[in-house]
Amino acid sequence: MHVELNSEDLAFREEVRTFFEENKIKDGEDYFSWRESWFKKAREKGGWDVPKWPAKFGGPGWSPTQHYIWEQETARANLPFDLPFGLGMLAPILMNYGSEEQQERFLPDIRDRKVNWCQGYSEPGAGSDLANLKTKAVLSEDGTYYTVNGSKIWTTLAHMADWIFCLTRTDDSGIKQQGITFLLFPMKQEGIEVKPIITLGGSHTVNTVHFTDVKVPVENRIGEEGKGWTYAKGLLEHERTGLAGLSKSLVELEQLKDKARTIQRGNGNLMDEASYRSKVGELEIDLLATEFTELRSLASAASGGEPGPESSILKLKGTEIKQRIQKLTVEASGIYASAWGDKGAGPSFAKGGTAGYLNSRYFTIYGGASEVQKDIVAKKVLGLTTGKSK
Amino acid sequence: MNFELSEEQKMIQQSVERFVQENYDLTNRVKISSEDPGYSQEYWTAMAELGWLGLAFSEEEGGFGGNQIDTLVLMEQFGKGLVLEPFLANIVLGGGAIKRGGSPAIKESILPNLIEGNLQVTLAYAEEQSRFDIEDVATAAREDGSNFIINGKKSMVLNAESADKIVVVTRTSGSQVDEDGISLFLVDATSKGIERENFPTVDGLRASEITFTDVEVPSGNLIGEKDKGFAILQAVVNDAILALSAEAVGAMEVLYKDTVEYTQQREQFDHPLSDFQVLQHRMVDMFMEYEQCKSLLLRATMETVQDPILAQRTVHALKHLIGKSGIFVGESAVQLHGGMGVTEELRIGHFFKRLLVIDSQFGNSDFHLDKFTSL
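Protein chains in written order, with my numbering: chain A, 1 to 390; chain B, 1001 to 1375.
Derived from the structure by calculation, the hints contain no laboratory data. Any given hint could turn out to be false.
Derived lysine-lysine pairs resembling DSS-like cross-links, with alpha carbons at most 25 Å apart [stated by the list, open to error]:
hint : chain 1 : residue 1 : chain 2 : residue 2
1    : B       : K1324     : A       : K259
2    : B       : K1031     : B       : K1153
3    : A       : K41       : A       : K24
4    : B       : K1153     : B       : K1257
5    : A       : K327      : B       : K1324
6    : B       : K1228     : A       : K195
7    : A       : K215      : A       : K114
8    : A       : K351      : B       : K1153
9    : A       : K114      : A       : K45
10   : A       : K374      : A       : K351
11   : A       : K114      : A       : K52
12   : A       : K279      : B       : K1324
13   : B       : K1324     : A       : K317
14   : A       : K259      : A       : K248
15   : A       : K327      : B       : K1031
16   : B       : K1257     : A       : K259
17   : B       : K1324     : A       : K257
18   : A       : K195      : A       : K52
19   : A       : K176      : A       : K114
20   : B       : K1153     : A       : K279
21   : A       : K257      : B       : K1257
22   : A       : K26       : A       : K40
23   : A       : K351      : B       : K1294
24   : A       : K327      : A       : K257
A few chain B residues that don't get close to chain A, going by computed Cβ distances all over 12 Å [claimed, not checked]:
hint : residue
25   : S1006
26   : V1020
27   : F1064
28   : I1106
29   : R1142
30   : N1151
Here a beta-carbon is modelled for each residue, glycine too, at the ideal position from N, C-alpha and C.
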């Protein structure tokens, strides 16, 4: 058992740092052309533009340690923005369950960041109980296309998306998990209506999406009809690991401490106040432990395969840590915590913190609410059942 | 021991409750908040006509001779609708300072107009560096013949946009953090040298940063004695804490009740959410926090009415608990409402924001725990 990086790992870290350093955005450089060339250069490094993809599909085929190093370095570097929907959510499903034709059709555009995807899972009546979804897809008599009707909710960036990957119901005669079909279709077409939902932080990221008689060719179906739940479920576990965001939290915690040190209190600063300091300390201790829980989970994935139910612990702990960082940011703002948005008053450290905190409440709700995550741990890890098992 | 309200107080409680129910649904509140001046002039006038603005003033001052218990009755009901009208800024802060330290002439010219809703007064006490320490005052007032000249900057002044007069907390002697050497002045909001930068707050109210540049004020506008203003400020801040805590208790009641109702309606996994024991227990915790806050609110208010100095420690205890429990109840309500709780569409989120703001005003829960344990 050892935690030191070996010389190869250290060399890899150096290579990553050098790459980030050499490809930083320059003063006055156009953001989008920089972004495009960044991904191009990352690709030339041998799949660094798609670090999580397997080597078979053009990824770098890194070891868990290399992935961990990459995560740590990316949290600190100012990389071009990227969206997870195509790259991290749909791509693994295409790779595992899509036909070769579908892989050839969709993966290149995902890799080139040419097509923006959104995820059509949750519905007004299907939140934590996702399998309860009701959006109907009916196969035409000649078997060439589906007609989709229904509504999705909490669809992140649906208003910017070109395509959606969508869970639909094709059969409601059996148990809920059966009869779900996984379809892909363009967002910009007749019969699709996107409406914004404004969240507490005052921003528009999520939407409701309504489908009225949307036609989807049968070749846009992933795998078999009625097996969509199986395909989506593996992906949910991926999503949950990703949601922990620990590397980012480590960086944010350091930023929080720096900020607190700039807030003068008497002869010292906010970090000298016992109550504040102890909360920051408790948070950091939890983060140190969770970071290693993540490493252990990575290591077991390296020797086994899919991340298992232990990913539920990571989502629980990781999202709670993110919320606590936001809460401490609000507390650091002091009397300025109530000033709203850019128009708000006070020193620069106080701006935006409260909006961030309010939106962070979502972290313990999306991707499976914390209560549901704990049910999973109770059942799958501890082997517990209840008389009123739900 | 008697926790019963008087007949008059019960009547007022019912009439405020009805007012809030009839006028403060979410849609109306959002509309009022988004349009200038951020509250309804019509409601403000109605509140004056119903006598609510004068409850806590003596009869000589043009009021009805009530005390902090009457304010509690009002504010708790206001909290159930997140009432936007500037009661705290005018009646508790501005009016509270003048009531305690104003000369007979000032009281006579200000208080009846304030109580009738014809004039607005707020209090400018916080500063950028002061955080929650009310004795940390850098804004200086320099004596110049029969005038004082004020220079400095005040932060997060509530409702200053609509104020005709401002009670401003200044330093006339001593070092920046001394309790001695603080003086309060009543100034015209339109005086030469006053600049207001107005902005909305997280809870849909309004506040301002105010810069004072060589603002002249006659020495007759002193509120209380020169250098001895701290005691007045502390008493006014304590009243504000009681009032805000009452509002918070009203808001927490809405949050826990709405959550109980929502979980009984919303079905997941073929059951109402309220069937799940883990959610039941969380709601029991919310309910317990609400009841405990209400108990401590009553205790701190009744002790303040008896002896405000002895009550100081309980007031710190109250603001600590309100901050901590308010955020717990708010976060729990959002969590149990799921995604809907994080949107602007349900009133839950708006109540949560108000509780968050209340924790950041007049000292947050950490600050008051520290004060409580050091007294």
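Evaluated hints:
1. B:K1324 to A:K259: Given pair K1324 (chain B), K259 (chain A) holds - Cα atoms ~23 Å apart, limit 25 Å.
2. B:K1031 to B:K1153: Violated: K1031 (chain B) and K1153 (chain B) sit about 31 Å apart, past 25 Å.
3. A:K41 to A:K24: holds, 12 Å
4. B:K1153 to B:K1257: Violated: K1153 (chain B) and K1257 (chain B) sit about 42 Å apart, past 25 Å.
5. A:K327 to B:K1324: Satisfied, since the Cα-Cα distance of roughly 12 Å is no more than 25 Å.
6. B:K1228 to A:K195: violated, 58 Å
7. A:K215 to A:K114: Answer holds: K215 (chain A) to K114 (chain A) is near 23 Å, not above 25 Å.
8. A:K351 to B:K1153: Between K351 (chain A) and K1153 (chain B) the Cα gap is close to 19 Å, so the pair holds against 25 Å.
9. A:K114 to A:K45: Judged against 25 Å, a Cα distance of about 20 Å means the pair holds.
10. A:K374 to A:K351: Violated, at about 35 Å.
11. A:K114 to A:K52: holds, 18 Å
12. A:K279 to B:K1324: holds, 14 Å
13. B:K1324 to A:K317: Since the Cα atoms of K1324 (chain B) and K317 (chain A) sit roughly 21 Å apart, the hinted pair holds (cutoff 25 Å).
14. A:K259 to A:K248: holds, 16 Å
15. A:K327 to B:K1031: violated, 29 Å
16. B:K1257 to A:K259: violated, 38 Å
17. B:K1324 to A:K257: Holds. K1324 (chain B) to K257 (chain A) sits at ~22 Å (cutoff 25 Å).
18. A:K195 to A:K52: With Cα atoms ~32 Å apart, K195 (chain A) and K52 (chain A) exceed 25 Å; violated.
19. A:K176 to A:K114: Distance of about 35 Å is beyond 25 Å: violated.
20. B:K1153 to A:K279: violated, 31 Å
21. A:K257 to B:K1257: Between K257 (chain A) and K1257 (chain B) the Cα gap is close to 38 Å, so the pair fails against 25 Å, i.e. violated.
22. A:K26 to A:K40: holds, 17 Å
23. A:K351 to B:K1294: violated, 33 Å
24. A:K327 to A:K257: Roughly 13 Å between the alpha carbons, so the hint for K327 (chain A) and K257 (chain A) holds.
25. S1006: It holds; S1006 (chain B) is separated from chain A by about 34 Å at its closest Cβ, greater than 12 Å.
26. V1020: holds, 22 Å
27. F1064: holds, 31 Å
28. I1106: holds, 28 Å
29. R1142: holds, 25 Å
30. N1151: Per Cβ check, N1151 (chain B) is outside 12 Å of chain A; nearest 19 Å; holds.
Going through the hint list in order, the structure does not satisfy hints 2, 4, 6, 10, 15, 16, 18, 19, 20, 21, 23.
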